[in-house]
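2 protein chains.
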Amino acid sequence: MRKFYRLCWLAAMMLVVTTVVNAQKQFTLEDLNFGGTNYRNMIPQNKSLTWWGDQLVRVGSDTCWLVDAVKGKEKVLFTLEVVNGWKKVDAELTSLAGVQFPYPDEPLMLVASAEERLLVNFKSRDIVWRQPREKGVQASGWNKKSRCMAWVKDDNLWLTDAQGKSRQITSDGSRDIVYGQAVHRNEFGIDGGLFWNPDGTRLAFYRMDQSMVTDYPLVNVPELDDTTRVIAQAAPEKYPMAGQTSHKVTVGVLDVATGDTLYLQAGDPTDRYFTNVAWNPAGTVIYIMELNRDQNDCRLVSYDATTGRRIAELYRETHEKYVEPQTPIVFLPWDDNQFVIQSQRDGYNHLYLFDAAGRELRQLTRGEWTVMEFMGFDTERKSMVIAANAESPIQRNLYRVDVTTGQMTRIDEGGRGWHSGLLSPSGKRLVDYYQEPTVPRNIAVVDVRDNVQYSYFHAPDPWDGYAVPEYRCGTIKADDGTTDLYYRMVMPVDFDPTKKYPTVVYVYGGPHAHNVDARWHYASRSWETYMAQRGYLLFILDNRGSENRGREFEQATFRQLGQVEMQDQMRGVDFLRTLQYINTTRLGVHGWSYGGFMTISLMTNYPDVFKVGVAGGPVIDWKWYEVMYGERYMDTPQDNPEGYAKVSLLNKAENLKGRLQIIIGLNDPTVVPQHAYSFLKACVAVGTQPDFYVYPGQGHNMRGHQSVHLHERITRYFDDYLK
Amino acid sequence: MRKFYRLCWLAAMMLVVTTVVNAQKQFTLEDLNFGGTNYRNMIPQNKSLTWWGDQLVRVGSDTCWLVDAVKGKEKVLFTLEVVNGWKKVDAELTSLAGVQFPYPDEPLMLVASAEERLLVNFKSRDIVWRQPREKGVQASGWNKKSRCMAWVKDDNLWLTDAQGKSRQITSDGSRDIVYGQAVHRNEFGIDGGLFWNPDGTRLAFYRMDQSMVTDYPLVNVPELDDTTRVIAQAAPEKYPMAGQTSHKVTVGVLDVATGDTLYLQAGDPTDRYFTNVAWNPAGTVIYIMELNRDQNDCRLVSYDATTGRRIAELYRETHEKYVEPQTPIVFLPWDDNQFVIQSQRDGYNHLYLFDAAGRELRQLTRGEWTVMEFMGFDTERKSMVIAANAESPIQRNLYRVDVTTGQMTRIDEGGRGWHSGLLSPSGKRLVDYYQEPTVPRNIAVVDVRDNVQYSYFHAPDPWDGYAVPEYRCGTIKADDGTTDLYYRMVMPVDFDPTKKYPTVVYVYGGPHAHNVDARWHYASRSWETYMAQRGYLLFILDNRGSENRGREFEQATFRQLGQVEMQDQMRGVDFLRTLQYINTTRLGVHGWSYGGFMTISLMTNYPDVFKVGVAGGPVIDWKWYEVMYGERYMDTPQDNPEGYAKVSLLNKAENLKGRLQIIIGLNDPTVVPQHAYSFLKACVAVGTQPDFYVYPGQGHNMRGHQSVHLHERITRYFDDYLK
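The listed protein sequences derive, respectively, from chains S and V.
Using my numbering, the letters of the first sequence correspond one by one to residues -1 to 721.
Using my numbering, the letters of the second sequence correspond one by one to residues -1 to 721.
Read the hints as simulated data drawn from the structure, not as lab findings.
Treat the hints loosely; a few may be bogus.
[To be verified] Using 27 Å as the maximum straight-line C-alpha spacing, the simulated DSSO-like pairs for lysine-lysine come out as follows:
1) Lys655/S with Lys721/V
2) Lys85/V with Lys23/V
3) Lys497/V with Lys142/V
4) Lys721/S with Lys319/S
5) Lys236/V with Lys236/S
6) Lys426/S with Lys69/S
7) Lys23/S with Lys721/S
8) Lys721/S with Lys721/V
9) Lys85/S with Lys163/S
10) Lys721/V with Lys497/V
11) Lys655/V with Lys721/S
12) Lys45/V with Lys142/V
[As the list claims (entries may be wrong)] Short, incomplete list of chain S residues facing chain V, as computed with Cβ under 10 Å:
13) Ile175
14) Pro234
15) Gln242
16) Ala255
17) Thr259
18) Pro635
19) Ala674
As the structure is a computational prediction, the values presented were derived from the model and not from experiment.
Beta carbons: idealized from backbone N, C-alpha and C, even for Gly.
Please construct the entire structure, taking both the sequences and the accompanying hints into account.
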């Protein structure tokens, strides 16, 4: 029924497109770029939803509505104005954004103003609990059972207890000694450094000693409106480069009751990676994935949280290339003695069931596809909810998996496209946000157990009335002759197959990322639409080395980054050459970060193929990239000198022939400016002429409206030299 | 006779030009740029000459010849090979370059190898004196009487006595406390910090405390072939910005005999400038020009070098704009009680005679022209030898001036062009190096007393056979309607007055510099010739504010740098508009440093006039320039906020319309990168799009072959957008 409706609606739209072509609106970068002034009106509408137990709540900035999960009807739960009326202090809440309902059975909502955090009973209208918020907090973690808050300021750890009393836990925090924050430069799935046990009686936390790590000398240029500073200031960034001395991480445990802190006795070697911190349900044992510096030997180790003593090694995984622990183990809610591990050991990321002694019980999922997310359990039915690309390599669908039988049932709406889920605490219900190539955004509410979907929201096409290009998707063979690679092609607006169009290859190409999927417009980046409007054809290919296609696909690039990727991209160029409407004398290439590395690699390895390139934040030589990411894929410069030399772009500077603009953020702490500067040096030495631009004050990517400026700049470069 | 010869020769050359036009060679930047591989063959030949008393010696890298001052005949004095045969140590001299003959009546030559300094008697073939050379010496000064060497290493002062014994004089030298080097950022004529008294018994030296000066965070990117360093390093530069806290300078005096050091008791305020250090002939009194921070009140003060006590203020000069002490006083060789001061106080730089008590005896030179250099005395005739532009504002000629009568006699060869002199110690003879607009380089030897010139060398035209453009020179009126401004115009090669040529204005425009003079090709920069060959017309105008035209002319820009200069440059554009062969829709502008500031000023104040600009190392806002230069011309930002705001280019970023490329050296310690970065920020904020390039490892100017790369880059930009 709805499908029929959509077809009708699409047909109606296409009719409009065909008949009133002259009235079509033109996009500007202010419309299309995320930093643009009109961007908010040009993206598919969305709804912010959260769970209160199995009840769905829609959160607006000034109203919370209870949503009928079946009929989608909404009724006001409370409003910002009303909540402010309940409060007994002066400072008003200014928004309900981010409201949570931590207790399924209690009418309590957690909300924060700039000054404090509040737990409000929205039935009795009482403030149940309140806590002041410090300024300059670098990280924080709250436990809903103990209502303790752990937080970090000036790199030291603090604790505020349920009564609102704060005490300082560590005192030697500094640039050198960092507490309670992400370590290992956010690799290995790390996104924080505070880990409460389930009942909030013990806190595990990271301590990172980076006193031995060299500084990269970044520079802060004062903001133009800063009247307090005149001269630029040094802003050194601890940056361990591949093969160099890295930081040391330990895991501390705070006992809230006693106030005592101990450190897990992990022993030597100290330059391992400690990741995926997890607790047993009782909150007495800590599990850590410990990965050697070479990243080819990973062990799951348990520690006694009350003594710090190592208990046992429960699991070990090695691989000749590298092993990638990305997620903590998760205990079954119905069996404290069994946990689930994610591993790529059979070639694809899958789930495995172990008992607490480290005995493998069984593989829970299996197949030539990838578990993309573990979302939670349905305790009553003893099943798990996951996201996976089991339907198609470019899709993401949601499934219920029976833990006992391994039976897997797709539970999302439609089974096409790209689905993200938000599971209720009990696992009974799920919100399904999704896009399809022709669907801007739909939201459904799923009954996990009954596998029934109720449509909640269909976003209208925000580009209605504009001259929208055609987005195509397909596959070609990789350079190995067998592997399918997915591409996206954005056709020039008003495409005429008898013409020949200048064509830009957009590329990323690195691991843990992909470009082409079954989202709206095949996940086309909005700049592609802008270029299509200006008469370019855009081509985007996910080469081997990119994500979601299994271990062999992604690890094909090991110890020689960029090489297999280039071979595949050149098969993309071969494909373009078969298309009559492509002007193969006017091929451009653009990418950022890894894609910047790819752009310069392609420009200098195939100087007669690519006429114009724009490379953003490019890696030039992997010896200047950081230890964790760099050594995973390249080993160390000492171990793999040939590989480093082969892929280094310094040695390719002399091949530069076309026009290449390199763009960086002056304050890029990820791919430090040394990369681009050294490439410029190499070019000057051999007499080649790249162009260059820098955004002072910006990091690895341009924020806010500066992204509009950037894309205007990139576009102009292709207009100047490729058109 | 020679004039006739030259005319014939020129005629012959022009004949060649006319008849075999197709065979003319084309210049490359390797020919024309000072960093180019063929540059040495393309500049006028030169001869390195030095005086041994009144005997002239030509110094080659492996031979010294005695030159007959009248006939120019040369006979070998000694060769490198022979000198090495005399030496009694293993380490060989590798070159005679830099040989000096410090004692007029003794056959001694001072020569240095990497390991040691030697005084060699080239008659007796003895090594009279030798001294080892330290590595890493930052500065040194030798006294020929005492044969003591003062030197600086790690910012500390050392002394090596005549016997070769070294002792450390200071021990607190550091980045913060600097001894024996140039202070006040080389302004006020300062080029060193070691000042021997005449007989080498006492050494005056600068001590600079810059501990209170902020650092500018420059960054060193390792050289590509540096195997010892991986990561970039901070290279902070003490940089006192206008209106900020500056360093403090004191003058120490070392008594060589006693080893005692004292400091001159100059008193408050401590942030004055102490410059032009001079000794009385007896070596017991020190004279210093002391300039207040506002730079409008300068006093000549004498100190007792044996006690450090202030003796007297001998002279004071004030001006509502600024006073510029540039040269130390000089005592008459025949009267220890009289000295000569240089001052612009009557509007032009002239010489004045004072007695040691500070009584003015008389003005020695006078006129609406400028004394450009005081070169020395002829004691026997009681006259001085000076360089001045008394013949024409764009010439530099050499004169003898009678100290008693003030009578001035031109003594150079020909009286045209641009002359540099090297006076013999007695003042009897002078080497006259000169160029004229059509003379690449001539050298004459002048008998100062008889005013007779003997031609020694005529360099052949190194550009014979090349397609050389026409160089024109003329004057237009300044924006004040009365002042003559000199311009140079370089015509396109194969100029056809019926065509219209894209035209580039090259500009500097700042004080203490000029572009147009009566040297070869009117001092045309070689890049202008390169551009003329590529079909551009070049126009260069010395606006008000530039040097050699007197105080009012140069000081017209006070407190509003760039404004009068732009008005004059726009009169230049008006003049270009009167010329049929100029394509006024294709006007470009290029300049470096102050000229970069002028380039962006012109591009943004006259966005409809200039289509393309290239600005190198530009000042963007004078509040980020250093105290000494910046406050002289602009006062402080606190005193002159309107002036700073008016000339700031931050406020002009929104006017940018044409194509502007900004180019800087990443390690520029003069115009720090903050200028360019802040302009980019301003442009990003208002949505304008300058281009940018940076040379890592380079300072305010590009060295060596990088200058070829730079000028290729500049040329390409005009080719891309102006042609």
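Outcome of the hint check:
1. Between Lys655/S and Lys721/V the alpha-carbon distance is near 21 Å, which keeps this suggested pair within the 27 Å criterion.
2. Simply put, Lys85/V and Lys23/V have alpha-carbon atoms about 48 Å apart, too far for the 27 Å limit, and the pair is violated.
3. For the hint linking Lys497/V to Lys142/V, the alpha-carbon distance of about 63 Å lies beyond 27 Å, and the restraint is violated.
4. Only pairs whose Cα atoms come within 27 Å are accepted, and Lys721/S paired with Lys319/S is rejected, the gap being roughly 43 Å.
5. Pair hint Lys236/V plus Lys236/S holds up; C-alpha atoms about 24 Å apart against a cutoff of 27 Å.
6. At most 27 Å may separate the alpha-carbon atoms for a hinted pair to count; Lys426/S and Lys69/S meet this at roughly 17 Å.
7. The suggested pairing of Lys23/S with Lys721/S holds, with an alpha-carbon distance near 23 Å, which does not exceed 27 Å.
8. Note on Lys721/S and Lys721/V: the hinted pairing holds, with a Cα-Cα distance of about 18 Å set against a maximum of 27 Å.
9. The suggested pairing of Lys85/S with Lys163/S holds, with an alpha-carbon distance near 21 Å, which does not exceed 27 Å.
10. Restraint check: the Cα-Cα separation between Lys721/V and Lys497/V comes to about 14 Å, which is no more than 27 Å; the hinted pair holds.
11. Taking the CA atoms of Lys655/V and Lys721/S, the gap is near 21 Å; set against the 27 Å cutoff, the hint holds.
12. Restraint check: the Cα-Cα separation between Lys45/V and Lys142/V comes to about 25 Å, which is no more than 27 Å; the hinted pair holds.
13. The closest approach between the C-beta of Ile175/S and any C-beta of chain V is roughly 21 Å, which is over the 10 Å cut-off, so the hint fails.
14. Interface restraint check for Pro234/S: the shortest CB-CB distance to chain V comes to about 7 Å, inside 10 Å, so the restraint holds.
15. Interface hint status for Gln242/S: upheld, as the beta-carbon distance to the closest one in chain V is roughly 6 Å, under 10 Å.
16. About 45 Å separates the beta-carbon of Ala255/S from the nearest beta-carbon of chain V, more than 10 Å, and the hint is not met.
17. Annotation: interface hint on Thr259/S violated; nearest CB of chain V at approximately 34 Å, more than 10 Å.
18. Below 10 Å, beta-carbon pairs count as interface contacts, and Pro635/S has one with chain V at about 9 Å; its hint therefore holds.
19. Checking Ala674/S against chain V by beta carbon gives a least distance of about 9 Å; that is within 10 Å, so the hint holds.
Checked against the numbered hints given earlier, this structure breaks hints 2, 3, 4, 13, 16, 17; the rest are met.
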